[in-house]
Amino acid sequence: MSLTLDQVRKVAILARLELPEDDLVRMQSQLSAILDYVAQLDELNTDGVEPMAHPLPIQNVFRPDVPVPSLSPNEALQNAPKREKGKDYFSVPAVFDSDEPVSH
Amino acid sequence: MIEMTASELLALQAAGKATAVEIAEAFLAATQAREPKLKAFVSLDEAAIRDQAAAIDAKRAAGKPLGKLAGVPVAIKDVLCTKGVTTTCSSKMLKNFVPPYDAHVVERLRAEDAILFGKTNMDEFAMGSSTENSAFQTTRNPWDTERIPGGSSGGSAACVAGCQAPLSLGTDTGGSIRQPAALCGIVGIKPTYGRVSRYGLIAFASSLDQVGPFAHDITDSALLLEAISGHDKRDSTCVNQPVPEYRKTLNDPVKGLRIGVPREFFEKGLDSEVESAVRTALKEYEKQGATLVDVSLPHSKYALAAYYIVAPAEASSNLARFDGMHYGHRTAQKTDLISTYAKSRGEAFGKEVQRRIMIGTYVLSSGYKDAYYVKALKVRRLVKKDFDDVLATCDVVMGPTTPTAAFKAGEKSDDPLAMYLSDVYTVSCNLAGIPGLSMPCGFTKTGLPIGLQLLGKPFDEEKLLRIARMYETATDWHTRRPKV
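Sequences listed follow chains A and B, in order. Residue numbers for the first sequence follow the numbering used here, so the first one is 1 and each next one is one higher. Residue numbers for the second sequence follow the numbering used here, so the first one is 1 and each next one is one higher.
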């Protein structure tokens, strides 16, 4: 198979996806099959061809650097998984933490 | 009334023969009656629909000017943000997400006095070709409820084909409007990339996604396309070009029409009944004076592979925002920050979404990016060049929209790669950014719809619609309705 189980685990870590072991095993064969399929692009000589990330030739669409109305803090917080009453911020697990799991 | 087109419903109201409330009630009744079989909707607020309809009638009675969609129910794929109304992308991740704003296209519907008629089911985060990847329910094809309606805009296609609403909005990243339109026997359009604002469209692949209309016929699709197209400062990838009045020129046939017929669209894998219906449609164009030109899109076979590198790569980036912090599902398990991300995403994303995030992460990762992602972007340029070359001497490219008619539910859901192959005729259009349209062109012996695909030059929707209308005036596929 194109991918080892260890590679699948590493990709899952990069993707921030925690998956049970049997899902990882199934992923290994499915992802390998997909990667085998897309590898046919190697048949093509693309020397001198510029990559095209975007179908339209537009770039750097700017607006004046002037503040305009936006969402109020309350609107922005409406879907917060956790918010302390009366506070204008999202409650999240500690970013710089000790070794112990932090309650949240 | 439920079998009428939007244009007919507008005329009825103008003539005083029906009110917006009567129209809304008719479609609400049809939706209730057919939903147990079709399961096209994730949510539908009957009270809000009735209120909207009453407001339109009051506006008309007061002699106020009305929008071009006044009183017409329009269902909306649940990937488009609707202020105050849950928008789920048919995912556990966003099951309770209530956007604080409307998508640009939703604002446009409101501005034209449309009746916003429910949020429709889809493949989760627009990833899929059958709507079986919805975390909530599988939508069924109104022509045969053992079969899928296509995807990812399956709910939007099924509700129009099944006469639960006369119009709907879908989105198309690799064929997700055109393929369900073909499988459900209706018209679906993917506009040129940049024609319609993506503001408020929950992103799957930002360089491929476009919002577009589903309708029973070309006139209705032109109407809805007019309503949603146009510049929006909030989407820096949309183009500031005037929107033609598509309906005005619809009935002008294109004289000296040259139709490019790519040999790669008629190779092994194409079902013989689909091929037969499409070739008969091409003969009809010849009868009307068109010239069929044998052409080649030599990089066609690589387009699918390029798509399944580029789209997952963009998806892995776009879906990184779903980390359980600001909205969406957060794991109930108490743990550190990174683990909270990983558990939240592992718990709330379905298998296909996880697969595509994994592929995308891999092809963008250090050591693999050049071999996969950059390579795919080079192939993308070659795919676009194929179309540029053919469309320099032809007005349009035509072929089948899908290799087969609708398949049975469960038939391909165990094999991701088999599912991907049903996109073979549709993905190249998204890679190139050109407009694409599917319209009904017949049925299989067992009564399943077949779609004809038209691919045009960038920002040439006006001509594409005129070309489509030429076929429609000589046929009656667009008047057929399923018995649900």
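Note that these hints are calculated values from the structure, not bench results. Glycine included, C-beta positions come from ideal geometry on N, C-alpha and C. Don't take each hint at face value.
[Stated by the list, open to error] Listing some non-contacts, in silico: residues in chain B with all C-beta distances to chain A over 12 Å:
1) R234
2) G256
3) G269
[What the hints assert, rightly or not] BS3-like, lysine-lysine: derived pairs with alpha carbons at most 30 Å apart:
4) K92/B - K87/A
5) K95/B - K82/A
6) K248/B - K59/B
7) K92/B - K408/B
8) K92/B - K85/A
9) K82/A - K351/B
10) K248/B - K68/B
11) K463/B - K385/B
12) K82/A - K334/B
13) K85/A - K384/B
14) K408/B - K351/B
15) K82/A - K343/B
16) K37/B - K10/A
17) K255/B - K408/B
18) K85/A - K95/B
19) K378/B - K95/B
20) K10/A - K351/B
21) K17/B - K64/B
22) K68/B - K233/B
23) K233/B - K85/A
24) K95/B - K83/B
25) K10/A - K378/B
26) K82/A - K83/B
27) K92/B - K59/B
28) K37/B - K385/B
29) K369/B - K10/A
30) K83/B - K68/B
**OP:** Please confirm whether G256/B is truly not at the interface, meaning its C-beta sits more than 12 Å away from all C-beta atoms of chain A.
**Re:** The claim holds: G256/B sits with its nearest Cβ about 28 Å from chain A, beyond 12 Å.
Original post:
Are the Cα atoms of K95/B and K82/A separated by 30 Å or less?
Top reply: holds (16 Å)
Subject >> Proposed proximity, K408/B with K255/B (alpha carbon, max 30 Å) >> reply: violated (41 Å)
**OP:** Would you mind confirming whether the straight-line C-alpha gap from K92/B to K408/B stays at or under 30 Å?
**Re:** Cα-Cα ~25 Å, so holds.
Subject >> Pairwise hint evaluation, K233/B against K68/B, where the allowed Cα distance is 30 Å at most >> reply: holds (23 Å)
Original post:
Given the proposed pairing of K82/A with K343/B, does the C-alpha separation stay at or below 30 Å?
Top reply: holds (16 Å)
Original post:
Are the Cα atoms of K83/B and K68/B separated by 30 Å or less?
Top reply: holds (22 Å)
Original post:
Has the given pair, K248/B with K59/B, been kept, meaning a C-alpha gap of at most 30 Å?
Top reply: Holds. K248/B to K59/B sits at ~26 Å (cutoff 30 Å).
Subject >> Satisfaction of hint between K351/B and K82/A, Cα-Cα up to 30 Å >> reply: holds (26 Å)
**OP:** Could you grab the alpha-carbon distance between K10/A and K378/B and see if it respects the 30 Å cut-off?
**Re:** Holds: K10/A and K378/B sit about 27 Å apart, inside 30 Å.
**OP:** For the pair supplied as a hint, K82/A and K334/B, confirm whether the alpha-carbon distance does not exceed 30 Å.
**Re:** holds (13 Å)
Subject >> 30 Å Cα cutoff - pair K369/B, K10/A >> reply: holds (16 Å)
The earlier numbered hints that this structure contradicts are 1, 13, 16, 17, 19, 23, 27 and 28.
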